[in-house]
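Asks: The residues making up each chain are set out below.
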Amino acid sequence: MRTQDQERNRLFGRRAALLAGGKVVLISALVGRMYYLQVLEADRYRMLAEENRINLRLLPPPRGRILDRNGVPLAVNEQNFRLLVVSEQTDNLDTTLDALARLVPLGEADRARIHREVKRRRSFVPVKIRENLTWDEVARIEINSLDLPGVTIDVGESRHYPSGELAAHLLGYVAVPSESDLNGDPLLELPGFRIGKAGIERVYDLPLRGTAGNSQVEVNAVGRVIRELARNEGRPGRDLNLTIDLRLQEFASRRLGEESASVVVMDIHSGELLVMASTPSFDPNAFNRGLTSEEWKALISNPRSPLANKAIAGQYTPGSTFKMVVALAALESGTMSRDQRVFCPGHMMLGNAKFHCWKKGGHGSLNMVEAIKHSCDVFFYEAARRTGIDRIADMARKFGMGTPTGLDLPGERPGVVPSRNWKQATLGQPWHLGETLVNGIGQGFILATPLQMAVMTARIANGGRAVVPHLARDLVQGGEMAPRPMPTFQPIGVSPTGLAVVRQGMNAVTNEQGGTAWAARIREAGMEMSGKTGTAQVRRITLRERETGVRKNEDLPWKERDHALFVAYAPEQAPRFAIAVVVEHGGGGSAVAAPIARDIMIEVQKTFRPAVAALAPQDAASRSQGGGG
Amino acid sequence: MRTWHLDSTRHRMTLGRKLGQVSWPLVMLLVMVAGMGFAALFSAAGGSLDPWASRQMARFGMGMAILLVVAVTDLKIWMRYAYVLYALGMALLVAVEVVGTIGMGAQRWIDLGFIQLQPSEVMKIALVLSLARYFHSADLYAVGRPLFLLPPLVMVAAPVAFVLKQPDLGTAMMLLMSSAVIFFMAGVRWWKFAFVLVSGLAAIPLAWQFLHEYQKKRVLTFLNPESDPLGAGYHIMQSKIALGSGGLFGKGFLQGTQSHLNFLPEKQTDFIFTMLAEEWGMAGALFLLLLYVLIIAYGYAIALRSRSQFGRLVGLGMTSTFFLYVFINIAMVMGLLPVVGVPLPLISYGGTAMLTLLFGFGLVVCVWVHRDSVVGRRGGDDG
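Just so you know, the sequences run in chain order H and W.
To convert, count from 1 in the first sequence and add 10; that's the working numbering.
To convert, count from 1 in the second sequence and add 9; that's the working numbering.
Derived by calculation from the structure, the hints in this document are not laboratory data.
Glycine included, each C-beta is placed from N, C-alpha and C at the ideal position.
Please note that the accuracy of each hint is not assured.
With a straight-line cut-off of 30 Å between C-alpha atoms, the simulated DSSO-like cross-links for lysine-lysine are [what the hints assert, rightly or not]: (1) 207(H) <-> 369(H); (2) 207(H) <-> 138(H); (3) 226(W) <-> 33(H); (4) 129(H) <-> 370(H); (5) 225(W) <-> 201(W); (6) 226(W) <-> 129(H); (7) 364(H) <-> 433(H); (8) 364(H) <-> 569(H); (9) 225(W) <-> 33(H); (10) 33(H) <-> 201(W); (11) 562(H) <-> 364(H); (12) 207(H) <-> 370(H).
Residues of chain W clear of chain H, computed beta-carbon distances all greater than 12 Å [to be verified]: (13) 23; (14) 41; (15) 94; (16) 126; (17) 156; (18) 158; (19) 160; (20) 163; (21) 164; (22) 165; (23) 204; (24) 209; (25) 217; (26) 249; (27) 262; (28) 274.
Please construct the entire structure, taking both the sequences and the accompanying hints into account.
Replies: Right under this line is the structure:
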């Protein structure tokens with residue numbers, strides 16, 4: 011018995027030791043696991059815990075306003091009242107919605123969508139009921155708020171263009187980013203966030219947008235916010251000042267009226283665009299509200315294309331407004347002197363082909379100034395014949411034609427400056443001398459936008475400097491806006507004597523009796539404008555028609571009438587502004603376009619009169635610096 | 010071999026002497042662990058005694074009283090009433106099976122008004138006592154006979170079957186394993202354990218059929234917690250994140266983000282170790298583990314010192330049960346074992362587990378107080 015007990019005790023001790031050993035192994039496993047989790051992997055789990063706990067919420071920055079040169083708002087943010095419901099705060103979602111439906115229109119589709127969203131989200135997440143509430147609706151809901159548990163009104167922002175149609179083309183619009191806009195910036199994925207999609211809104215989108223702030227909030231396991239840990243306000247979008255003068259823009263738009271037309275007014279020294287109007291226009295706010303399909307169809311089927319910005323996207327045959335370029339090409343290449351006289355019998359023969367002057371009986375003998383004054387076609391046939399198309403093309407390019415001018419606005423078209431190489435490259439055909447003659451009077455292949463015509467005129471008037479137009483008064487540098495320094499533009503390489511001849515001719519057009527725009531001259535002393543008319547043929551005049559008499563524009567259907575063009579600068583004594591007016595199918599430049607230009611140029615100069623009067627007229631740079639006011 | 014005498018004076022001690030014999034260092038270790046538990050429950054409630062810490066303190070007080078009463082009760086009494094206690098436990102298990110099916114889906118307790126009595130908890134004590142009594146007088150020759158092992162196997166299988174039926178996989182495993190410890194300590198041969206283990210493994214596919222869907226899911230989730238991060242694997246993932254993010258020294262008392270933002274499930278009960286390790290780091294967790302190891306070592310020392318086989322088996326059995334609680338709970342929250350509902354002893358909020366454990370330690374202390382008693386075959390005085 012004793013020995014058995016002792017044996018049992020020894021076994022017990024042995025096995026207790028074994029059991030203890032086993033437990034030591036298991037405890038070691040626990041310690042090892044602890045070491046693995048809390049030391050080796052601690053950083054990873056710490057990160058996961060922070061990810062669990064901290065939710066980064068973006069605070070969208072308010073978009074910067076767009077202002078005209080005088081600070082008049084062109085694009086602003088309007089308060090957008092949104093109706094939200096938090097389902098967990100309602101006693102019963104349906105009774106709340108029933109009560110709401112008595113106050114604001116609430117369709118069955120809306121209710122279905124609300125129920126869907128409430129089901130999908132956690133019960134404390136607000137769900138949108140409606141947006142764009144009117145002030146009346148807001149008031150009604152506020153008064154009844156006691157009967158509407160869980161319903162809140164939230165103020166968001168939406169873009170509004172107080173100037174409506176006036177600057178629609180150049181301002182562009184904002185919209186929800188499309189798939190291709192997404193670049194990983196979480197701001198763009200924020201519901202309801204809009205970015206610039208066209209026009210100034212698009213070009214200056216980044217400074218206007220600002221940078222998003224964020225708020226670090228601590229959330230619990232179901233996502234409810236416990237407290238805010240940190241807040242970074244971000245940077246609101248910068249206001250952008252344009253060079254446009256809204257009052258002048260409005261005047262010009264009104265003056266164009268119902269015509270399908272465009273006008274550009276620019277400062278010839280600084281390149282600031284004071285007016286850039288294209289009619290007919292559209293109301294950008296309608297796009298924000300959402301267009302009906304009828305409205306949209308009406309917009310895109312309108313033959314006067316209200317959606318197009320004709321000032322930069324309309325390419326027109328420049329007609330006689332191109333004659334200055336031909337004259338300068340002839341003078342600068344020495345193929346004609348300023349006193350060279352050409353006799354105009356009403357037509358010119360080239361081989362068997364007969365090239366008509368617009369004046370049936372002919373102008374008789376004229377020099378270059380007289381030829382510009384009367385816009386004689388025969389003189390410029392001769393000038394073009396002597397100079398050759400390539401030299402004319404070179405000169406045209408010096409004046410900014412054939413390529414986009416570099417305006418800070420998307421959608422600018424390049425126009426066409428024809429040359430031998432151009433024709434070979436694009437049409438695969440050799441150049442004919444007859445085409446030189448036709449292009450010499452601005453017809454044929456050549457195309458230019460109204461903006462290019464204004465730039466051409468500006469470069470003539472500013473002494474041959476390569477002024478480039480712009481719309482923003484501020485420059486964007488690394489996301490910040492800085493006032494644009496006074497630009498210094500390089501000379502384009504045209505002699506002052508040549509420019510003087512052309513300017514003398516343009517002066518004669520408006521300010522000498524017999525000039526093609528004499529009737530549209532500015533009579534106010536000190537505001538005189540020098541210009542050049544142009545008429546772009548839209549259809550071909552047949553030989554038979556010439557014999558029976560060219561039909562008058564008024565007798566033609568609208569689509570077949572000529573485009574009326576006019577370019578000018580003013581004031582003649584100390585040029586400061588250049589203008590280009592194109593009226594599609596308007597008829598003759600002198601009858602239709604020139605009076606429009608006259609009225610606008612008077613208004614422009616009146617606006618800037620104090621500044622103009624205060625200026626010493628000798629220094630171009632100081633003049634245009636004064637142009638800010 | 011003599012019959013026992015109730016008033017045998019040979020080893021009789023006065024109550025005062027018995028209290029003096031109580032192993033106070035062990036009691037102090039238990040108080041320290043419970044103290045850490047109170048702090049953890051205080052934190053789990055967001056820095057408040059309500060609703061957990063205060064009630065836990067009251068229960069601990071009650072538990073300590075039970076511990077002392079159990080400790081000073083004569084060891085032979087426990088031996089004598091071991092089978093009675095077991096029969097009572099079985100009766101309660103049957104009762105809860107009848108009542109439970111009428112009540113909630115898996116009711117495991119009987120409401121006694123002041124406490125919810127879990128028969129499976131009673132069984133944790135009663136089974137150890139009964140097996141200890143059965144093996145107390147068995148010499149190695151007897152233990153070697155397979156037929157001799159049949160009654161204790163039945164004694165184990167009956168409550169395990171009922172507990173499994175409840176279904177409470179965790180408790181069933183605990184009952185099995187603490188029984189196995191007693192079989193092992195009693196001297197059952199290695200190869201018999203190997204046999205049971207192999208047949209057990211062979212039965213796994215069969216047992217799988219009988220598992221409840223949620224149990225199957227728990228096992229599968231344990232095997233690959235990332236497979237279902239928003240479902241059942243969520244808890245264990247969040248527990249690991251909480252533990253890991255605590256690092257070496259923790260986030261500070263009351264500063265556990267995972268626990269306080271409710272990413273952590275059951276932070277006051279089964280997952281309290283996670284919260285503790287999140288707030289106090291590995292340092293705090295190791296300290297707690299050290300206290301547990303000391304308690305277990307103390308239990309071993311007491312068991313080895315006991316002169317009676319009953320005392321040795323009870324001491325080691327209760328200590329091993331305690332160890333199993335500690336290991337299963339901590340391994341579970343660290344993702345080493347599937348999630349089974351086993352609380353962290355003396356720390357997790359919960360009355361019955363606390364009382365069971367302190368009752369069990371009462372027995373361990375009792376073994377110490379009566380370390381020199383000679384316990385007869387049926388609980389008598391002689392050996």
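Asks: Enumerate the violated hints, using their earlier numbering and listing them in ascending order.
Replies: Violated: hints 1, 4, 12, 26 and 28.
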